[in-house]
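Undergrad: Residue numbers (numbering that gives the first Met the number 0), protein chains in the order written: chain A, 0 to 99; chain B, 0 to 99; chain C, 0 to 99; chain D, 0 to 99; chain E, 0 to 99; chain F, 0 to 99; chain G, 0 to 99.
Rather than coming from a laboratory, the hints here were simulated on the basis of the structure.
Where is the CB? At the ideal position from N, CA and C, for every residue including glycine.
Please note: incorrect hints may appear among the correct ones.
Derived BS3-like pairs (lysine-lysine); straight-line CA-CA distance at most 30 Å [said to hold, decoys possible]: (1) F:K91 - G:K56; (2) D:K79 - F:K91; (3) A:K56 - A:K15; (4) B:K67 - A:K15; (5) D:K91 - D:K15; (6) D:K91 - C:K67; (7) B:K91 - B:K72; (8) B:K67 - C:K91; (9) C:K79 - D:K72.
Just a few of them, taken from the derived set where beta-carbon distance is under 10 Å, the chain A residues facing chain E [stated by the list, open to error]: (10) F3; (11) R4; (12) I5; (13) G9; (14) E18; (15) A45; (16) R51; (17) D52; (18) G55; (19) D66; (20) T76; (21) E77; (22) I87; (23) D92.
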Amino acid sequence: MTDFRIRPLGDRVVVKPVEREEKTKSGIFLPDTASKERPMEGTILAVGEGRRDDSGKLVPMNVQAGDKVLFAKYSGTEFKVDEVEYLILSEKDILGIIQG
Amino acid sequence: MTDFRIRPLGDRVVVKPVEREEKTKSGIFLPDTASKERPMEGTILAVGEGRRDDSGKLVPMNVQAGDKVLFAKYSGTEFKVDEVEYLILSEKDILGIIQG
Amino acid sequence: MTDFRIRPLGDRVVVKPVEREEKTKSGIFLPDTASKERPMEGTILAVGEGRRDDSGKLVPMNVQAGDKVLFAKYSGTEFKVDEVEYLILSEKDILGIIQG
Amino acid sequence: MTDFRIRPLGDRVVVKPVEREEKTKSGIFLPDTASKERPMEGTILAVGEGRRDDSGKLVPMNVQAGDKVLFAKYSGTEFKVDEVEYLILSEKDILGIIQG
Amino acid sequence: MTDFRIRPLGDRVVVKPVEREEKTKSGIFLPDTASKERPMEGTILAVGEGRRDDSGKLVPMNVQAGDKVLFAKYSGTEFKVDEVEYLILSEKDILGIIQG
Amino acid sequence: MTDFRIRPLGDRVVVKPVEREEKTKSGIFLPDTASKERPMEGTILAVGEGRRDDSGKLVPMNVQAGDKVLFAKYSGTEFKVDEVEYLILSEKDILGIIQG
Amino acid sequence: MTDFRIRPLGDRVVVKPVEREEKTKSGIFLPDTASKERPMEGTILAVGEGRRDDSGKLVPMNVQAGDKVLFAKYSGTEFKVDEVEYLILSEKDILGIIQG
Chain A
0 MTDFRIRPLG DRVVVKPVER EEKTKSGIFL PDTASKERPM EGTILAVGEG RRDDSGKLVP
60 MNVQAGDKVL FAKYSGTEFK VDEVEYLILS EKDILGIIQG
Chain B
0 MTDFRIRPLG DRVVVKPVER EEKTKSGIFL PDTASKERPM EGTILAVGEG RRDDSGKLVP
60 MNVQAGDKVL FAKYSGTEFK VDEVEYLILS EKDILGIIQG
Chain C
0 MTDFRIRPLG DRVVVKPVER EEKTKSGIFL PDTASKERPM EGTILAVGEG RRDDSGKLVP
60 MNVQAGDKVL FAKYSGTEFK VDEVEYLILS EKDILGIIQG
Chain D
0 MTDFRIRPLG DRVVVKPVER EEKTKSGIFL PDTASKERPM EGTILAVGEG RRDDSGKLVP
60 MNVQAGDKVL FAKYSGTEFK VDEVEYLILS EKDILGIIQG
Chain E
0 MTDFRIRPLG DRVVVKPVER EEKTKSGIFL PDTASKERPM EGTILAVGEG RRDDSGKLVP
60 MNVQAGDKVL FAKYSGTEFK VDEVEYLILS EKDILGIIQG
Chain F
0 MTDFRIRPLG DRVVVKPVER EEKTKSGIFL PDTASKERPM EGTILAVGEG RRDDSGKLVP
60 MNVQAGDKVL FAKYSGTEFK VDEVEYLILS EKDILGIIQG
Chain G
0 MTDFRIRPLG DRVVVKPVER EEKTKSGIFL PDTASKERPM EGTILAVGEG RRDDSGKLVP
60 MNVQAGDKVL FAKYSGTEFK VDEVEYLILS EKDILGIIQG
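Let the hints inform the model, and build the full structure from the sequences given.
TA: Encoded structure:
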């Protein structure tokens, strides 16, 4: 799973968003009927080596390939490989990790 | 209570907002009739490990799971697990801890 | 007075604003007739432990519970406990301490 | 003169603006007829202890009570004590000291 | 390939964008039919020596001439040499490297 | 010439702008007929002691009283002493020094 | 060529833009027919000593007098000496150096 075709730079990660039907099954993040926007759920496919702090040291990433994560719906940039949608986004835009 | 299904990243926390009726009972934060916006009340369910400062050190969190807190109404991102509403927000958006 | 029900986080303070009549009596901050906005007067009820600087050290607060202070009218967030209005605001928004 | 009723916080100062007539007498800062805005003139009545730099050290103030100063017309916050107008502003908004 | 006629300064790189037809062949980044904007694909022709951090040290570049990369469509500045289009952009605007 | 009546604070300088006719004589900075805005020319009359860097040290000024300088037309604040126009501006707004 | 009449301050440089006809001859940067803006080409006539970093040290310049450079069309400030157009701009606005 670390062999995804795109290797993200800096603190970016590649995420495969979870489809709507899967969400309903797991009981999380049903379609929003309220006014406020909901975050999206996805699986991390590849992670960058991390950003460098002010003194040039690498800041280790807090997520890894395989993690299921929540992220804000409009963060990141979409792209397609062989007709499948992916997103590339900064670790800062990941809200939390879905456990178990 | 630390076993909430979402583990927040960085200095984020997961909060369960208090319902309107409960607020009235406790005597705090009645529905706003004035022009200015009121903060919301909630209970912290899970906390991140904290943000890293400029030199990469972890800054310890000032809140913990179980704390009742005040936060600005429009901060954070809402999500649902099994039809229950939660918010994930940065510790910086928490105004204070409600005591006793 | 340090036992106020809300314990502010970081460099925030809880302030009880002074009523308009009291201001007139003390000779300070009469109702504004000019174009420019006037600051408000209030009494500090509770103070946070202070913000942390870039290296993680606590920066001590310059105000304490009991101080009468001036602050910009639109800073901070209002809330009510038992029908009484309070504000929670950052120490940075406090302009000065009223002496004597 | 250091006993002004408001003690400014941080790098703020309290200034008493000079009246228009006085300005004309001293030959400085006549009423603006041109397009560009002119600075105001005033006398410093009280100074804060200074701001703290990134490492928490106090940065000494460059002005003191009694200094006549130039400042941009729209900087700071106005207030009144006993019907007299004052301004509270940051030292950063003071352009220069009027000598002699 | 490191002898491209423009030597980028700082953390900039010169990129030759991939033509639309080539993309279709490789199976990546088909023309967008959805609402969200897709990143572009290109080949790096020249890289700067890197930006300097706050203490003046060079931060090494993470990309090199020959790398195939993804970048946001509107980042950078276009220019032409002998009727061929190139872009010069900051390394920060490169989202990831396309592998083998 | 260092005895100008206004002593600028921080990294500010007082500049006496050159009149339009003088500019024409010296062959520099003719009235603009093109779309883009031209810088102004002036003579520095007084300089502040410099700004303090993050650790509180004074950063020495690069200009001195007597220097002829170029500066962007809309930078700084105008003021008058005895009917003569001056500007007070930050050293950062000075583009260059006009030599001999 | 280092004796240009304007000595730029900080990390600024003086650039003489290349005329349109010259560009066509060299095969670079033909007039733009596409939607995106093209950078300009010019020759550096004078360079400042560099900016100072946070600790007050000079950051050396990456360009020197005589360099042919690319820069974004709307960066910098235009001025004229003896009817000839020049630009003064920050080194940060220089995209790259044109080689040989």
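Undergrad: Which earlier hints can't be squared with this structure?
TA: As far as the earlier hints go, 2, 4, 9, 14, 19 and 23 are violated by this structure, in ascending order.
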